[in-house]
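Numbering-wise, the numbering used here puts 481 at position 191 of the sequence shown, and it's gapless, one number per residue.
A portion of the hints provided could be inaccurate.
[To be verified] Label-pair ranges, simulated between beta-carbon atoms:
id, residue 1, residue 2, range
1, 473, 319, 22 to 30 Å
2, 339, 421, 38 to 46 Å
3, 436, 407, 35 to 43 Å
Bear in mind the hints are in silico, worked out from the structure with no lab data behind them.
Values in this document were obtained by computation on a predicted structure and should not be read as measured data.
Ideal Cβ positions, reconstructed from N, Cα and C, are used throughout, including at glycine.
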Amino acid sequence: MTARTKRHHSHPPHVSHELPAHARRYLDKRFDAMVVKVLPGEHYVSGERQEMLVTILGSCVAACIHDPVAKVGGMNHFMLPEAFDGEWGHASAGMRYGNVAMERLINDVLARGGARHRLEIKVFGGANVLKGLSNIGHRNADFVEAYLAAENLPITAYHLRGSQPRRVHYFPFSGRVMLLELPRNDRYTVAREETSYNSRIQAKPVDGSVELF
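Please take these sequences and the hints and turn them into a complete structure.
This is how it looks when you write it as structure tokens:
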């Protein structure tokens, strides 16, 4: 299912959360921006004009949350809908769970000067990339829609479900998103990487059309 955005100064300092000290950064001269990669189980909040957050999504979902007045925004990346106890906000479940990832991202944006009534929320991902194996992607999409509805937080734009992996570029200062659906032959690579990540945590430029949100 696909929808398009409803388009609608202070500059807070940079802040990051849930990323290791050696956070994956590189300069992308095409965008004149410092790129920060957000991997599964991580989230990142920033108010830097020249930063761009990037993630690749298969069955996972990423929420991009922005306050247009405070000029601060962040992205998360979660793998599973919610903790098995079914309690939203159960922090011990870890950032791989949507309930924890959403709560922490929202709280961190608010802590940087965001206001709940101003939040612009865009959600992406939730593809069932490998047919017949699991519907976890669509369950993740269902979860994020239900969670935000329960919190009375409207979704500004979304690109959810389907069967193709996606790459998301997010500019937290402006709230702008560039989304690219990846070729179908990338599905197996993305699915393998997501499965590998999930196993680890339980034990302890592409051509194509770009959509703007």
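Status of the hints after comparison with the structure:
no.: 1; hint: 473 to 319: 22 to 30 Å; verdict: holds (24 Å)
no.: 2; hint: 339 to 421: 38 to 46 Å; verdict: holds (42 Å)
no.: 3; hint: 436 to 407: 35 to 43 Å; verdict: violated (21 Å)
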